[in-house]
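S.K.: Under my numbering, the first residue of the sequence shown is numbered 156, with each subsequent residue one higher.
Don't read these hints as lab results, they were simulated from the structure.
Below 30 angstroms or equal to it, Euclidean Cα-Cα: the simulated DSS-like pairs (lysine-lysine) are:
| # | residue 1 | residue 2 |
| --- | --- | --- |
| 1 | Lys665 | Lys533 |
| 2 | Lys764 | Lys665 |
| 3 | Lys533 | Lys643 |
| 4 | Lys764 | Lys670 |
| 5 | Lys443 | Lys469 |
| 6 | Lys449 | Lys533 |
| 7 | Lys665 | Lys643 |
| 8 | Lys723 | Lys670 |
| 9 | Lys533 | Lys443 |
Simulated restraints on C-beta separations:
| # | residue 1 | residue 2 | range |
| --- | --- | --- | --- |
| 10 | Leu805 | Tyr485 | 46 to 54 angstroms |
| 11 | Pro573 | Ala731 | 47 to 55 angstroms |
| 12 | Phe252 | Pro306 | 21 to 29 angstroms |
| 13 | Glu269 | Pro656 | 54 to 62 angstroms |
| 14 | Trp259 | Glu500 | 39 to 47 angstroms |
| 15 | Ala662 | Gly729 | 30 to 38 angstroms |
| 16 | Ile736 | Gln799 | 21 to 29 angstroms |
Don't be surprised by glycine CBs; every beta carbon is placed ideally from N, CA and C.
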Amino acid sequence: MNVKTAPPMPASLDSERMPFGSAGRLHEVTELEGVTPTLVVDDATTAELEERLLLADLVLPDETDGALRYNADAIAAHYQQQPLQVWGRVLKIFFPFITFGLIWWWNTRVGFSERKHQQQAVRLRQMLTRLGPAFIKVGQALSTRPDLVPPAYLEELTRLQDQLPPFDNAIAYRFIEEELGDAPNLIYAELTESPIAAASLGQVYRGRLKTGEEVAVKVQRPGLAQSIALDTYILRGLAALAMRFFKQIRSDLVAIMDEFAARIFEEMDYNQEGRNAERFAQLYGHMKDVYVPKIYWEYTGRRVLTMEWITGIKLTQPEAIRAQGTDASYLIEVGVQCSLRQLLEYGFFHADPHPGNLLATPDGKLAYLDFGMMSEVKPAQRYGLIEAIVHLVNRDFEGLARDYVNLEFLTPDTDLTPIIPAFATVFNDALGTSVAEINIKSITDQLSSLMYEFPFRVPAYYALIIRSLVTLEGIAINVDPEFKVLSKAYPYVAKRLLTDPAPQLRASLKDLLFKDGSFRWNRLENLLRNARGSTDYDLSQVVDQTLDYLFSDRGDLIRRQIVEEAVKGLDLFGNATLNNIRYGFAERLGLTVNRATVTTDQPTLEHLKRIWGILKETQGFDPAQLLPAIPKLLFKPEAHQMGQQIAGGLAQRAIARFIREFLLTSDADPANQPSKQLRLPAAHL
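Based on the sequences and whatever the hints tell you, model everything.
M.R.: The structure is reproduced here in structure tokens:
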């Protein structure tokens, strides 16, 4: 590779230039005449060789994309032959936890001082660090929950995000050479002498390409696959034992563990992470104030990832973010809106959004980093989640119970009769008085209270979703303690319900708006009022989707309801107008008129007026947007049929009123006849 002169590094980097000569080879292959080549290794590379053998035997690269794949059966077959290694690791895991628990118990007996709390917090962080990546990720998840973790522990656990002990630079430089095919000094123009951050799976260097681009270079930790494979085998076995001996546990803990392990194994392949980043950018990079760094494929391999350098501040540092002229609360809302589209629109979501992976850039954008742990939500699950949110907000607990069946929390043969009132009891407490008071933690806490009382189970796909949402809400609470993720989410959900043509959501909208044959105008008003708060709400799309659905076979029930409401409203309006004319004429003739019988109640018209007011207040509303819908109405056979039905309905009401008022008058009970009521002469047949 040709060496080119690179532009000078910034002052902050210039003092940390890499001593390229320090990255010597740790092993050599010698070949003598008549002698088989021998690999000479030291203790550092023995573990690497064992890991390579493990990967070759157990986790073969996928034939289509080359990504690593988790294989639970192969891992189990491997470690069943190594009981001493397994039990040694079990002791290493449980002994620190037992020690930590005993110290905690003793401190509760003698009294916890602030200094002892700090010591315990440091001890917990160090313990999780020593136990390795699987346990570090647990600590990272806890580090985003200021509502659950005391401040002293929160501060220490935050260090697990990117302040872990680094591994030897020489090993990192060798990995770069092995993956990219050349020495680091021939690949990069500059590279920091030491890593600027170290996380659970790797450490990051800051550098510059010979073409001038500033980059972040992530290098994987040695022995990672072997460590994670052994830990997942042990945790999977514990999950199976728990399900076997604790009958109260109905969730498939083994499947949940497999889902988590599969994502970690994918995260160990930096080629896969690069593909994830590009897919994420394609789906969400166009969103306002969302930024996804570029991947440099020429400088990326399975254990080395080179991506665009991002300068930014963690979202958990709101004061620093405000100091650079950006509103931290606004970026949280950007993150919420992006997460909604990940979970509910495209299904491809970032499953590890801890503060180290979300940065506020100097130009006010939210930058996403670390695309190793990603997951997907299937279309049926996405629609099920939207329906569940709608039913929850509207306190439709019967519909919510059906949603839990569709989402696989309950089996289809579950008797929902006792569950519906239980939902009403626990969720009414969690919901408070409005959607603005809903938060994910209250919902999950209330739901957990039902898990043991009723036959609920947590499907494997849901574990990473709730982890992602709870982590995001934890970051939001750190910025604004009153922030409610679901209250910010509902405008988007309302927009989807009004505009998405999917049959599932069309049916859900119909169920929401119609009950026992009557139209619930207040819910339509609520949807329109909330949907206008969504950043990409398109009112013309609502009109188009509404007309397309209305004049389809599935819209037959709604057409009948519209005809009935139109007949009722026009009849009331016409009757009131006619009565006003009659009474006005009678008063001019000096006749006494009892106006008590004049109908003034026109609820449908009042609802329509309020809806029109909501539409006029919607940003970007233009009455001209409704004009293209007129030709659709004029040329639709269903519209002609509706017009005929409305005319027929009005005629029937007019005839019925004529018969009732003029032909069926009775003098049998004079007491029931209103005194001096205006009446035309009876018709003579």
